[in-house]
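Enquirer: In case you want the letters, here they are:
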Amino acid sequence: MASSTTARYRPGDQVRIRVGTPPTHFRTPEYVQGKLGRIDTLYGAFKNPESLAYGGDGLPAQPLYRVEFAQTDLWQNYSGPATDTLLIDIYEHWLESI
Amino acid sequence: MPKVHDRGSWPNDDPIDHSEHEMEEWERKVDALSSVLGEKGLKNTDQLRRAIESLDLKTYESLSYYEKWTAAMETLLVEQGVMTTAEIDAKMSELERGQK
Amino acid sequence: MAENGHNHGDNAEYYALRAEAIQALLVEKGVCSINDILSMADKLDSRSPKDGAKVLAHAWVDPAYKERLLADAESALLELGYDLPETAPRLTVLENTSEVHHMAVCTLCSCYPRAIIGRPPAWYKGLAYRSKVVVDPRGVLKEFGTELDESVQVRVIDSSADYRYLVLPTRPAGTEGMSEEELAKLITQESMIGVALALSPESVSTS
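Protein chains in written order, with the working numbering: chain A, 1 to 98; chain B, 1 to 100; chain C, 1 to 207.
Calculated from the structure, these hints are not laboratory results.
Heads up, the beta-carbon is just placed ideally off N, CA and C, and yes, glycines get one too.
One or more of the hints may lead you astray.
As the list claims (entries may be wrong) - Cβ-Cβ distance ranges computed for the label pairs, FRET-style:
1. Ser46(C) to Lys40(B): 17 to 27 Å
2. Glu39(B) to Asp149(C): 44 to 54 Å
3. Ala64(C) to Gly98(B): 53 to 63 Å
4. Thr72(A) to Asp13(B): 19 to 29 Å
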């Protein structure tokens with residue numbers, strides 16, 4: 001973990017996941033893109049997989065967050081209770097402030 | 001359309017197949033080779049993922065797990081100039097002749 | 001279905017041979033030896049769900065250890081002699097209770113807490129589980145024979161980056177007085193992924 005990078009968000013902050021489908025490697029699935037979530041945990045900074053995937057050094061490291069979504073915000077027809085959630089780890093450059 | 005590997009974004013109504021697949025020796029070796037190449041600096045997790053993700057949809061869905069890993073490791077080794085596809089083809093023929 | 005690796009008809013022979021050719025060339029070129037590969041395979045074989053079950057059973061009987069495990073899994077594992085390789089991804093343990101039920105998936109590939117519980121089961125890597133568990137976790141739980149009350153919050157964790165997730169299942173009722181060793185037998189691979197609950201003591205004693 002590289003801790004030099006300053007994190008923009010704190011646990012509890014509302015964020016939106018950026019929308020995008022680069023032709024290259026990235027780790028943000030389409031099903032969370034454009035969705036509103038809440039920062040659950042800030043993990044510190046980690047090497048950027050979008051650079052590592054091509055033999056790059058992964059720097060600058062990206063703050064990594066565990067983001068929580070209400071299932072009913074992700075899926076229109078979610079059949080379970082409204083309290084059910086989904087957690088996923090997202091790098092900061094895929095997050096937008098609301 | 002989501003990328004081939006982005007399965008959370010793909011609808012799927014198939015039942016989950018609970019049967020366990022007994023690992024074959026070649027798969028066990030491929031599993032280990034991935035870690036060995038990691039130690040040698042010839043592969044990292046994201047490189048392997050990237051190579052798997054670049055398979056076309058039909059190949060991605062039809063190859064088994066370690067078949068995909070084999071294809072991806074070949075991509076990475078060829079790309080880094082460790083070996084060529086022609087060398088692998090030739091070695092395969094040689095091994096095949098040895099089996100007969 | 002080829003997705004779980006059951007189809008060993010068309011491709012398997014080809015890829016098995018191709019993998020062998022790649023390994024032979026690596027050896028010829030001095031990149032690694034066959035022994036490097038075989039000893040790595042042995043190392044990877046050495047972790048199994050039993051290891052995870054041992055750690056989690058300890059957390060059941062020792063509340064202070066449980067707190068440490070949830071706060072910093074890697075240090076807590078080290079206490080029990082499990083020194084995760086430096087190259088292994090980070091690990092987090094998520095606790096299931098009577099109010100919250102966690103279940104883990106990797107929708108993008110097959111991320112799994114291998115460093116502590118070994119290789120994932122075939123279904124975990126399969127396309128059906130990876131698609132369905134995020135959109136219909138309760139349906140998936142039913143497929144595994146697990147019924148949860150609507151009052152229990154289901155939290156799916158999609159391990160997409162540098163962390164791997166191990167689920168600490170709820171300790172079943174009627175297990176007071178059981179030894180740590182007996183308790184560990186109740187903790188299955190499925191319960192550590194979160195698609196099932198820990199076994200009941202009755203189901204073990206009658207088997």
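Enquirer: Give a verdict on every hint.
Expert: Consistency of the hints with the structure:
1. Ser46(C) to Lys40(B): 17 to 27 Å: holds (21 Å)
2. Glu39(B) to Asp149(C): 44 to 54 Å: holds (47 Å)
3. Ala64(C) to Gly98(B): 53 to 63 Å: Once the Cβ atoms are compared, 60 Å apart, the range 53 to 63 Å for Gly98(B) and Ala64(C) holds.
4. Thr72(A) to Asp13(B): 19 to 29 Å: The hint (19 to 29 Å, Cβ to Cβ) holds, given that Thr72(A) and Asp13(B) are roughly 21 Å apart.
Taken one by one, the earlier hints all hold for this structure without exception.
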